[in-house]
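Student: Read off the chains here:
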Amino acid sequence: DAGVIQSPRHEVTEMGQEVTLRCKPISGHDYLFWYRQTMMRGLELLIYFNNNVPIDDSGMPEDRFSAKMPNASFSTLKIQPSEPRDSAVYFCASSSGTPQQYFGPGTRLTVL
Amino acid sequence: DAKTTQPPSMDCAEGRAANLPCNHSTISGNEYVYWYRQIHSQGPQYIIHGLKNNETNEMASLIITEDRKSSTLILPHATLRDTAVYYCIVDSGAGSYQLTFGKGTKLSVIP
Numbered sequence: 001d002a003g004v005i006q007s008p009r010h011e012v013t014e015m016g017q018e019v020t021l022r023c024k025p026i027s028g029h030d031y032l033f034w035y036r037q038t039m040m041r042g043l044e045l046l047i048y049f050n051n052n053v054p055i056d057d058s059g060m061p062e063d064r065f066s067a068k069m070p071n072a073s074f075s076t077l078k079i080q081p082s083e084p085r086d087s088a089v090y091f092c093a094s095s096s097g098t099p100q101q102y103f104g105p106g107t108r109l110t111v112l
Numbered sequence: 001d002a003k004t005t006q007p008p009s010m011d012c013a014e015g016r017a018a019n020l021p022c023n024h025s026t027i028s029g030n031e032y033v034y035w036y037r038q039i040h041s042q043g044p045q046y047i048i049h050g051l052k053n054n055e056t057n058e059m060a061s062l063i064i065t066e067d068r069k070s071s072t073l074i075l076p077h078a079t080l081r082d083t084a085v086y087y088c089i090v091d092s093g094a095g096s097y098q099l100t101f102g103k104g105t106k107l108s109v110i111p
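For the protein sequence lines, the chains are E and G, in the order given. Residue numbers for the first sequence follow this note's numbering, so the first one is 1 and each next one is one higher. Residue numbers for the second sequence follow this note's numbering, so the first one is 1 and each next one is one higher.
Don't read these hints as lab results, they were simulated from the structure. It should be emphasised that the depicted structure is a prediction, and the values quoted were computed from it without experimental measurement. Even glycine gets a Cβ: it sits at the ideal position worked out from N, Cα and C. Be aware that one or more of the hints could be misleading.
To be verified - Listed below are the simulated SDA-like cross-link pairs for lysine to any residue, each with C-alpha atoms no more than 20 Å apart in a straight line:
(1) G:Lys3 / E:Thr110
(2) G:Lys3 / E:Glu44
(3) G:Lys3 / E:Lys78
(4) G:Lys106 / E:Gly59
(5) G:Lys3 / E:Gly42
(6) G:Lys106 / E:Glu44
(7) G:Lys103 / E:Met39
(8) G:Lys106 / E:Gly42
(9) G:Lys3 / E:Gly59
(10) G:Lys103 / E:Gly59
(11) G:Lys106 / G:Gln45
(12) G:Lys106 / E:Arg41
(13) G:Lys52 / G:Asn30
(14) G:Lys103 / E:Gly28
To be verified - Here's a subset of chain G near chain E, in silico, CB distances under 8 Å, partners left out:
(15) Cys12
(16) Gly43
(17) Lys103
All chains, please: the whole structure from these sequences, using the hints.
Tutor: Structure, rendered in structure tokens:
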């Protein structure tokens with residue numbers, strides 16, 4: 001199994017631009033999680049899905065952030081418009097409803 | 001309120017056992033203890049979890065005190081590749097298994 005796949009691995013953009021991060025979970029996993037990691041705030045859960053349905057988005061910082069999961073094998077996290085304070089590493093993780101979450105390699109986002 | 005307390009950093013000599021403590025004095029009866037680690041620039045990696053009994057797998061052992069207010073993760077023979085931040089997480093695991101990561105313990109394995 002290839003594990004959780006995220007793209008791009010690195011993204012550099014300018015303030016005000018739209019950013020889309022992508023995630024392919026492990027096949028057969030029905031839970032998908034988006035996390036953000038910064039030095040100041042550590043690793044934070046943004047949103048999670050169960051069977052493609054968003055269950056809890058209370059961690060999403062503001063309306064500029066949105067996440068979708070159109071099917072079991074693909075999810076996106078979009079930031080529009082992006083701001084410098086959004087610079088962070090964004091992780092996607094999936095699980096089959098057990099305590100063991102499998103994390104992707106992350107996307108390092110830099111907003112100039 | 002933080003559910004767990006861990007030392008910010010620890011050193012361990014290569015080849016020796018690394019014992020990472022975690023206090024979770026407010027843990028409730030249905031809450032599990034999970035351990036994850038994050039090697040620099042990688043995503044977190046699941047290590048082990050337990051409820052009441054001690055657990056062992058190919059990576060580590062988890063020792064939970066009888067009152068469940070603290071636990072210790074043991075890496076029996078630490079290698080340089082075990083240098084990472086180790087997170088102790090307490091959660092009920094009911095349904096979604098949402099994980100709340102604290103600051104963790106930065107373990108440095110010294111040659």
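Student: Work down the list of hints and note, for each, if the structure agrees.
Tutor: Evaluated hints:
{"no.": "1", "hint": "G:Lys3 / E:Thr110", "verdict": "violated, 32 Å"}
{"no.": "2", "hint": "G:Lys3 / E:Glu44", "verdict": "holds, 15 Å"}
{"no.": "3", "hint": "G:Lys3 / E:Lys78", "verdict": "violated, 31 Å"}
{"no.": "4", "hint": "G:Lys106 / E:Gly59", "verdict": "violated, 25 Å"}
{"no.": "5", "hint": "G:Lys3 / E:Gly42", "verdict": "holds, 15 Å"}
{"no.": "6", "hint": "G:Lys106 / E:Glu44", "verdict": "holds, 18 Å"}
{"no.": "7", "hint": "G:Lys103 / E:Met39", "verdict": "holds, 10 Å"}
{"no.": "8", "hint": "G:Lys106 / E:Gly42", "verdict": "holds, 13 Å"}
{"no.": "9", "hint": "G:Lys3 / E:Gly59", "verdict": "holds, 18 Å"}
{"no.": "10", "hint": "G:Lys103 / E:Gly59", "verdict": "holds, 18 Å"}
{"no.": "11", "hint": "G:Lys106 / G:Gln45", "verdict": "holds, 14 Å"}
{"no.": "12", "hint": "G:Lys106 / E:Arg41", "verdict": "holds, 16 Å"}
{"no.": "13", "hint": "G:Lys52 / G:Asn30", "verdict": "holds, 10 Å"}
{"no.": "14", "hint": "G:Lys103 / E:Gly28", "verdict": "violated, 31 Å"}
{"no.": "15", "hint": "Cys12", "verdict": "violated, 23 Å"}
{"no.": "16", "hint": "Gly43", "verdict": "holds, 3 Å"}
{"no.": "17", "hint": "Lys103", "verdict": "holds, 6 Å"}
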